[in-house]
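Given the sequences, and given the hints that come with them, work out the whole structure.
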Amino acid sequence: MLKWLAQVGVLALVLLFFRILGGEAAKNFARSDISFGFDWLGDPPGFSIREGIDLQPNSGIRALAVGGLNTLRVAFSGIIAATILGTIIGVARLSKNFIVNKLAGFYIETIRNVPLLLQMFFWQVLLMAQSSLTEGDVGSRIFSVSNKGVASIWVFPSTGFWPWFLIFLGGVYLSRKVARKRRTYQEDTGENGHPGLFGILTLLGIALVGWLVHPLLGFLSILWDGIGDLIGAIPAATVSLLIAGAAIVAAVVWIKRFLDSKRTPAGLGKLTDDDIFRMIFAGVSALFVVWIAFKVGGAVIAKPDGTDASVAAVLRDSFANIFYWFGDKFTGEAGSPLSVSKPAIELRGTGGFVQYADTGILATVPFFSVWIAVTLYTASFIAEIIRGGILAVAKGQTEASQALGLRRGQYLRLVILPQAFRIILPPLGNQYLNLAKNTSLGTAVAFGEIVAVGATLINQTGQSLPIVIVWMAFYLILSLSLSGVVNYYNRRMALVER
Amino acid sequence: MSVANNKDVIVCEGVKKWFGDFQALKGIDAVVKEQEVVVVIGPSGSGKSTFIRCINRLEAHQEGTIIVDGIELTNDVRNIDKIRSEVGMVFQQFNLFPHLTILDNISLAPLWVRKQPRREAEEEAMALLERVGIPEQADKFPGQLSGGQQQRVAIARALAMKPKIMLFDEPTSALDPEMIKEVLDVMKELARSGMTMIVVTHEMGFAREVADRVLFFDYGLVVEEGTPAHFFDNPQHDRTKLFLSQIL
Amino acid sequence: MTDHLAPLNLEELAPEKPPSGPVLWIKENLASTWISAILSILAIALTAFSFRGAVQWLFAADRRWDAVIANMKLLAVQSYPEAQMMRVWVSVGIVFVLIAAILAWNRIGGKIAPRKLSKVLLTIGITLLLVGLLMPAGSEKWETLGNSLLWKIGGVLLLGIGVALTFLPDERRKAETIPIMGLVAVALFGIIGFLKTATMAFPIAGATLPEDPAERLFEPTRIADSTANPWTAIILAAMVTFVVMSWLRSRSSGDGASIKRVIISLIVASFPVIFLVILRDPAIDEDMLVKFVVTGAVFAILGAVAVRWFGAPGAGESRRALASIVTVLAFIMLTFPGILPIPGAVTPFTEPFLFRLLFLTFALFSLAAPTFGGAGSALTRYVIGWVGTAVVITYTIIIVTTESTVVVPGNFFIGGLGITFLLSITAISLSFPLGVLLALGRTSSMPLFRMMSTAYIELVRGVPLITWLIVAFVMLPVTLPPGIELSGIMRALIFMTLFSAAYLAENVRGGLQSIGKGQAEAAQALGLSTLQMTVFITLPQALRAVIPALVGQVIAIFKDTSLVTIVGLFDFLHIARAAINQQSRPYNFIGVFLEPLLFAAAVYWIFTFTVSRMSLRLEKKLGVGER
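So the protein lines, in turn, are chains A, B and C.
First residue of the first sequence? That's -19 in my numbering, and the numbers climb one at a time after it.
First residue of the second sequence? That's -3 in my numbering, and the numbers climb one at a time after it.
First residue of the third sequence? That's 1179 in my numbering, and the numbers climb one at a time after it.
If a hint is listed, it holds; no wrong ones were tucked in.
Result set (DSSO-like, lysine-lysine): computed pairs, CA atoms no more than 27 angstroms apart in a straight line: (1) Lys111/B / Lys78/B; (2) Lys375/A / Lys158/B; (3) Lys136/B / Lys375/A; (4) Lys1297/C / Lys1799/C; (5) Lys82/A / Lys1294/C; (6) Lys1205/C / Lys375/A; (7) Lys375/A / Lys12/B; (8) Lys242/A / Lys1695/C; (9) Lys1294/C / Lys1799/C; (10) Lys1297/C / Lys82/A; (11) Lys184/B / Lys136/B; (12) Lys136/B / Lys242/A; (13) Lys375/A / Lys1799/C; (14) Lys1205/C / Lys76/A; (15) Lys1330/C / Lys82/A; (16) Lys1251/C / Lys1319/C; (17) Lys161/A / Lys111/B; (18) Lys1195/C / Lys76/A; (19) Lys1205/C / Lys78/B; (20) Lys1352/C / Lys1294/C; (21) Lys1330/C / Lys1294/C; (22) Lys76/A / Lys78/B; (23) Lys1798/C / Lys1294/C; (24) Lys128/A / Lys322/A; (25) Lys157/A / Lys111/B; (26) Lys375/A / Lys111/B; (27) Lys1695/C / Lys250/A; (28) Lys1294/C / Lys1195/C; (29) Lys1297/C / Lys76/A; (30) Lys76/A / Lys1294/C.
It should be emphasised that the hints constitute simulated quantities derived from the structure, not laboratory data.
Below, the structure is given as structure tokens:
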């Protein structure tokens, strides 16, 4: 009883503390005529973003979306590059070759002991010091570095990419089936079934055929549009209802599972205060989600085109838009699904303004500084994780495999890596998350990611609290999805022990 | 059963090995004949484990020659592979693969090294599990088994490669006393079936009962060598006498 | 029969030397396989190429190292008044002397074998020689540091000693005979010699600057006495301290743990003293002082009696309940001024604030008294602890409240590396107790505490630090009641502390979860209460287990302080990146970006690398991770 009194007391104090802060804030804002709300989501933000899918966003939410996509773009490419580099360096750190080992050690110790922000500045300064483009540079090339950024040749999806991609996905499924068949054949007969080779050949074959016949899938356009129409026809309130229903179902399932886990053969075990609290908490959370779903879903906001719509309707329409977008892509036009594009330097405007054309892929100075800095920085941590993971697999495992006559490649693949992966995965997921969060330092080198855009929005509108909430929601979803993936693999990898 | 006239399967001459500045083996000369059971004993740090680990090249010796079944151990990877598939090894710490089931542990090497069909490999694995007496554990994971059961699985795993020679590196040292017997019984059965074996152990009863010959190691040297009867009842070297008086 | 018998005298067998030699070494370490050999060649080529490139770049005549050299003071303490620089030197001196003392007392150093020393000397010697050989034309402009002859001579000298050492007889080469601290002393004398004699290059002030940097006029300048002399004094003082402490240590009986504790407390105390007293130099107002001292003294004395009463053996539940009510009251008084009718607004930091702060501390002490008090001497020690805490709080508030006599242009008395250290040390030390509390909350069996701690930790860790700093600079000011204003540095400090507490909490939680159930059961069997068990049994073990993670967190915070650059504080990185390249007088450093940045990187690197190495040693010493 005393314990509960103490807990409730402290909780009340904490809530009161925030209430006071909030009260002061409300007074201060009232004095300066700012009231928190979400109208700014629909209002034109009044600034442009230097790079992204939309340089002149027409609403606050669109500006944040552009920033969010920039974050995802640099985080995603950074994660891929850092994983590759980190793995190479981690393995090099384990090498018996003296100089390779020492070089990897030198890299790790240098990079991870210098603040990331400083490294970002370093790359920014280095790029800015590159020569500027002149009229003599005009023309197309494969790779180009200048004080405008780094441009390179790249492959882009073009007409007919999506129908072809659909066929390609089918190919992936089929080739896995073929490979599995060949593997069973090999195990049954002992003859080499070349499962990998057959799988790749199947995939290549289907991809090639798809390249030629993808226009045939043009008829799917009707299907996509139909789905879009169908979703658009749903009453807006259904969206809130669906979310609310899902929350309640989740809570009920959770409570049921929780009770099941407490059930012993002798019947339901004794529930502690703590257990009851957990169940109440789950129920209250679900009700909270229901409340939010109806409250926010029903709120009416102004769309950029001037009309008003409820949030639920906007959500529904954007979901439907995805299908319309696909519908547009299935035109049935012939043409190669992928196109190679080379960067070009062109003279723009009358004043002789030399810059990169829209072809090829261009990493601007801010993008490149952020990308290379987070990649190199995170790679040094990933290298240590990989090294630690492999070292943590007992030495005896290697010896036992060698004694059985397994070759290096075989025991690495069959014995060491499956065990090391299990150790590596959780900290690796953490590093991915850190990388994603670290891209926010890009705001210091004028990279238009979500924090930079949000900070500008705060300056423009004064809506600090709502924008902080948007940041939190963004990073929360990011980390939840990352940890979801990590947890999924972790469960699959878990060892059975007594 | 006399093995004196069988042919030599392992011949070691002047084998030397250093770890940094420390000399672990100071010139080992030893011969093992087909179907012979050789027990290696000695105090810890005497080089006996290093010696049998050199035989299948888990450690590389630096001087001298080791010839296993007519193949000399050199840096040539093909020779090492050939020898390793003919020499089975059982470790003190079992070293089972914790992420694979018992059946997969045993059939892994036959599948990948001998390229046997899976059904055949699994049937043989089951037969081996019968032989070591735990067929009912086939689908469990190593973490779910007792130490003695794990070591028996380890023996079955080594046997699955149909080796000509088996090396045992203190197979009972990590076991609880009540589990030692079940492992030794399996080893005795193996010895009776005519397997060539080198066993590093502290189990003197096993040495006396099963061994054809005993090697006593100390200071990285073979100090004394002889039949068990002779070795235990009438040792010659002072070190041997001292060692036996300490443990018996 | 016995087939084989070894010679009888086994112990006397002469040990043989392992096969060795450069060819074998290369074969084993660089070319064990064909792929390895190719990799080695590629790696050596890469290393050689980058090393050459680095030397050529670093010593090129058109580098602007003068921008760094001329701005050393700016980088270290920003615009701290020149006349008061003595305060900075005294502070640095205190730190060095205390470090020397603790090193001596711990008998750090030991001895090194000539063989190892020769390896180190050969490596350094070859590096120096190569630098000397590869130096580009025009490096002479940099005077002492760019003098390739000096580098070559130094390299050859070290190489010579290194080679000479290899000719020692084998046993003497392996015996650990050379004292490391002797070598350190030689190195330190070398540094003093450098400070007193070296010359550096500065652009001639007032000269018109030609476009081509190589044609700029430079003059050789000695290192100013205002820099060289203080450093000489500091190094000598540290060396003397080391010698004296070593001598005392060798004469003292026992393990000297109590003196070690004194030195460690001095080190801990030195940071607030340096930042609050020496560097800030508060001008104490006597009227205020009397008020504060009276408040503090009354609290200390009356509180001591009350704490004794609360902690007396056999004090029942009723006294504890009373203490709880007092705590809630004190908390409300401190946090919500205006709710309770106590006169005077609580702007930090005035007398009513001191009153409320002392009251809350007193309440907490009363609440915990039954746990830590007990009978006799334990209770006395606890009461003394309360008096000490009251004195420290009073003193700190007095210091913080009074104006600084150090008048500095701009809004804060120190900047540069000073701010970086101030921020990181304060954030680390303040976030530590908070982090431990949060970790205990998160692992607690009380659901509401667990929920609150979890919510805090996840919320704070959920978004990047930079968003919290933006919140600190945009939102925090508007949520404070009128009359309370916080400077930028305070805001950054508060949020860095709150942020790192969440991360520390997760580290400590890992430690708490690694403690086996057996410990808790044993403690309960001894009749300890839950709180006693946590404080005396679980927590110390948990903290010990996570020392590596905690040190990692310390390093992370140190690096993260650089983020305050983004919100406009003049920390070390900000000056290196944005202040130096704005200068046009007396020297023109406009457009000099890379050199200050690289210098800053080197400084950050030295500190973080040293700390991480120290933590490795500590880990080995404590045997963390071993059983």
